[in-house]
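Trainee: The residues making up each chain are set out below.
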Amino acid sequence: MSTGSFENWTGNISEIGALYPFESTVPLLIVIMFCFWILFQIGLLMMERQRFSEDAKRNTAARLKRLIKREGQGG
Amino acid sequence: MSNELTSLGIIFTEFYYWITVVLMFLIHVGFCMYEVGASRYKSHLSTLMKNTMLIPFVTITFYLFGWWIYFAFINGPGINGGLVEGVGEWSSPFSPLMGAHMGGGTDPGAGDWARINGVFWAAFLLFSWTAASIVSGAVIERIAAGAFWILAVAIGSVFWVIDAAWGWSADGWMVQLLGYHDAYASGVIHAIAGGFALGVLMVLGPRIGKFGPDGTPRNIAPRNPWLVTIGVFLIYTGFWGFYVACNIPMWDVQAGDEVFYSATNIYLAPTTLSAITFNFLMSLSGGLLVGYAVSKGDPFWTYSAGLAGIIAASAGNDLYHPVQALFIGAVGAFVAYKLHYFAERNFKIDDAVGAVAVHGYAGFFGVVVAGFMLWGYPSSPNPEYAVITPWGQFIGAIIMFFVLGFLPGYILALILKMLGVLRIPIELELVGLDIAFIESEKSDERLVNHSIRQEIMKLK
Numbered sequence: 008m009s010t011g012s013f014e015n016w017t018g019n020i021s022e023i024g025a026l027y028p029f030e031s032t033v034p035l036l037i038v039i040m041f042c043f044w045i046l047f048q049i050g051l052l053m054m055e056r057q058r059f060s061e062d063a064k065r066n067t068a069a070r071l072k073r074l075i076k077r078e079g080q081g082g
Numbered sequence: 441m442s443n444e445l446t447s448l449g450i451i452f453t454e455f456y457y458w459i460t461v462v463l464m465f466l467i468h469v470g471f472c473m474y475e476v477g478a479s480r481y482k483s484h485l486s487t488l489m490k491n492t493m494l495i496p497f498v499t500i501t502f503y504l505f506g507w508w509i510y511f512a513f514i515n516g517p518g519i520n521g522g523l524v525e526g527v528g529e530w531s532s533p534f535s536p537l538m539g540a541h542m543g544g545g546t547d548p549g550a551g552d553w554a555r556i557n558g559v560f561w562a563a564f565l566l567f568s569w570t571a572a573s574i575v576s577g578a579v580i581e582r583i584a585a586g587a588f589w590i591l592a593v594a595i596g597s598v599f600w601v602i603d604a605a606w607g608w609s610a611d612g613w614m615v616q617l618l619g620y621h622d623a624y625a626s627g628v629i630h631a632i633a634g635g636f637a638l639g640v641l642m643v644l645g646p647r648i649g650k651f652g653p654d655g656t657p658r659n660i661a662p663r664n665p666w667l668v669t670i671g672v673f674l675i676y677t678g679f680w681g682f683y684v685a686c687n688i689p690m691w692d693v694q695a696g697d698e699v700f701y702s703a704t705n706i707y708l709a710p711t712t713l714s715a716i717t718f719n720f721l722m723s724l725s726g727g728l729l730v731g732y733a734v735s736k737g738d739p740f741w742t743y744s745a746g747l748a749g750i751i752a753a754s755a756g757n758d759l760y761h762p763v764q765a766l767f768i769g770a771v772g773a774f775v776a777y778k779l780h781y782f783a784e785r786n787f788k789i790d791d792a793v794g795a796v797a798v799h800g801y802a803g804f805f806g807v808v809v810a811g812f813m814l815w816g817y818p819s820s821p822n823p824e825y826a827v828i829t830p831w832g833q834f835i836g837a838i839i840m841f842f843v844l845g846f847l848p849g850y851i852l853a854l855i856l857k858m859l860g861v862l863r864i865p866i867e868l869e870l871v872g873l874d875i876a877f878i879e880s881e882k883s884d885e886r887l888v889n890h891s892i893r894q895e896i897m898k899l900k
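Going line by line, the protein sequences match chains A and B.
Adding 7 to a residue's 1-based position in the first sequence gives its number in our numbering.
Adding 440 to a residue's 1-based position in the second sequence gives its number in our numbering.
Derived from the structure by calculation, the hints contain no laboratory data.
There could be a bad hint or two in this list.
[Claimed, not checked] Dumping the calculated DSS-like pairs for lysine-lysine here, alpha-carbon to alpha-carbon at most 30 Å:
id	chain 1	residue 1	chain 2	residue 2
1	B	Lys-482	A	Lys-64
2	B	Lys-900	A	Lys-72
3	B	Lys-882	A	Lys-76
4	B	Lys-882	A	Lys-72
5	A	Lys-64	B	Lys-650
6	B	Lys-650	A	Lys-72
7	A	Lys-76	B	Lys-736
8	B	Lys-788	B	Lys-650
9	A	Lys-64	A	Lys-76
10	B	Lys-882	B	Lys-482
11	B	Lys-650	B	Lys-857
12	B	Lys-736	B	Lys-778
13	B	Lys-882	B	Lys-900
14	B	Lys-482	A	Lys-76
15	B	Lys-882	A	Lys-64
16	A	Lys-64	B	Lys-736
17	B	Lys-482	A	Lys-72
18	B	Lys-882	B	Lys-898
19	B	Lys-778	B	Lys-788
20	B	Lys-736	B	Lys-650
21	B	Lys-736	B	Lys-788
22	B	Lys-482	B	Lys-857
23	B	Lys-778	B	Lys-650
24	B	Lys-857	B	Lys-788
25	B	Lys-898	B	Lys-482
26	B	Lys-482	B	Lys-650
These figures come from a predicted structure and were not determined experimentally.
The whole structure should be built from the sequences, with the hints applied where relevant.
Mentor: Written as structure tokens, this is what we have:
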């Protein structure tokens, strides 16, 4: 039994095609990969917006306050 | 693969492109160093991640459709014919040849190509990374990374690939009808990426503080000149791989029954590795000299001008004399430097790393100059294709910079802006993109210091 198209290297090598296993599942894998890409492309965009809004609530506001205070002292 | 000499040729070709991929990896390392060095401390890490993460996005999409576009879009489609059929046998993601394959079996298109497909795909993919990375540098410190990665896929896996199909393949319609010649990608990588970056910059706008209230530009100098200079040195190094990847190492270039093997450019016309070695170094030298002089010894611009010199001569570096390459590189660097400041002053373009100038303007210049220098040369071994002319090259440069570069960049950036995802919030730009990392590090450090103090107290 083999998950690939060959079970040993003793046959005629020139007749071997694909080396990877589960060849028949490739079309399904491609469709999953397409979804994987879209998911990450949109997901990371959303994640970044989320981070921006969290930063605005916590880190950015505090840091901005310090910056404004420093500018005020300088002026 | 049963004949020793034939096998040697195939395995050599496989190894040849594999080496180019390894070398071109350094271009990306260099771009990352350059960008981080040019950014301010408060945005270092986010700048690095923005450029690094284009790698998976462009790689996945180039696998899904970029490689297929290169072979299928040779005629436009719709300019000199339709979509090329049958190319999916080796370039579609569903093809068995888009993976480890010994070339046997009943798969259509198998054979020798089975060994070359992966390394050839990767060589093109590394060009895709470069195209996206050029844009990445121009927009630092204010573009949202999520928006940038969408733009990276557009330039890296769609638009530059279309221009390569049109003007950087043996039978592209631009080669056939315009006699377009761009051996080492002055236009097909650099002008298009520079044009795309310009389109994005016009929508994105400058960094806060770049221009005074009266519009006077201010210099935001690189924060880490060492990182910038070593980064460009690495780009120079990777460029050797880029140049060699633009060639085909062994091809029978003799028409008729005779046989004559030579290296060729992408159009299957003869050249030699010596030719491009001479010309690469001479055009680099011309750019460096002029860059140093015109920028009065500014390291940032001297290094960038070296790159601009290579890019300006690249379109014809398969055929130029080394001294011609030297002077073309010198003039190209001068043009890039002057146009950068002209655009900055007059159009308020904040190109943070000079990417539009070094790649876009120098690339455009290089394509046009090749039309004059190589006027009347055959663009291809096919005698029925148009010869190289100044007007063919000028139209080609317009297609590269404006049609496939500037316009898509501008339109896509405009769409992202309308969706409200293009630019980072103003507060974040003021305090820096790394604020979350910095605050988290500070918090961790406070906790660690607190523990250290407790341990000291125990000892007391």
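Trainee: Now, for every hint given, state plainly whether the structure supports it.
Mentor: Each hint, compared with the structure:
no., hint, result
1, Lys-482(B) - Lys-64(A), "holds, 18 Å"
2, Lys-900(B) - Lys-72(A), "violated, 39 Å"
3, Lys-882(B) - Lys-76(A), "holds, 20 Å"
4, Lys-882(B) - Lys-72(A), "holds, 17 Å"
5, Lys-64(A) - Lys-650(B), "holds, 27 Å"
6, Lys-650(B) - Lys-72(A), "holds, 23 Å"
7, Lys-76(A) - Lys-736(B), "violated, 39 Å"
8, Lys-788(B) - Lys-650(B), "holds, 9 Å"
9, Lys-64(A) - Lys-76(A), "holds, 18 Å"
10, Lys-882(B) - Lys-482(B), "holds, 14 Å"
11, Lys-650(B) - Lys-857(B), "holds, 20 Å"
12, Lys-736(B) - Lys-778(B), "holds, 13 Å"
13, Lys-882(B) - Lys-900(B), "holds, 27 Å"
14, Lys-482(B) - Lys-76(A), "holds, 19 Å"
15, Lys-882(B) - Lys-64(A), "holds, 18 Å"
16, Lys-64(A) - Lys-736(B), "violated, 46 Å"
17, Lys-482(B) - Lys-72(A), "holds, 16 Å"
18, Lys-882(B) - Lys-898(B), "holds, 24 Å"
19, Lys-778(B) - Lys-788(B), "holds, 15 Å"
20, Lys-736(B) - Lys-650(B), "holds, 22 Å"
21, Lys-736(B) - Lys-788(B), "holds, 23 Å"
22, Lys-482(B) - Lys-857(B), "holds, 24 Å"
23, Lys-778(B) - Lys-650(B), "holds, 18 Å"
24, Lys-857(B) - Lys-788(B), "holds, 18 Å"
25, Lys-898(B) - Lys-482(B), "violated, 37 Å"
26, Lys-482(B) - Lys-650(B), "holds, 16 Å"
The structure fails to meet hints 2, 7, 16, 25 from the earlier list, while all remaining hints are met.
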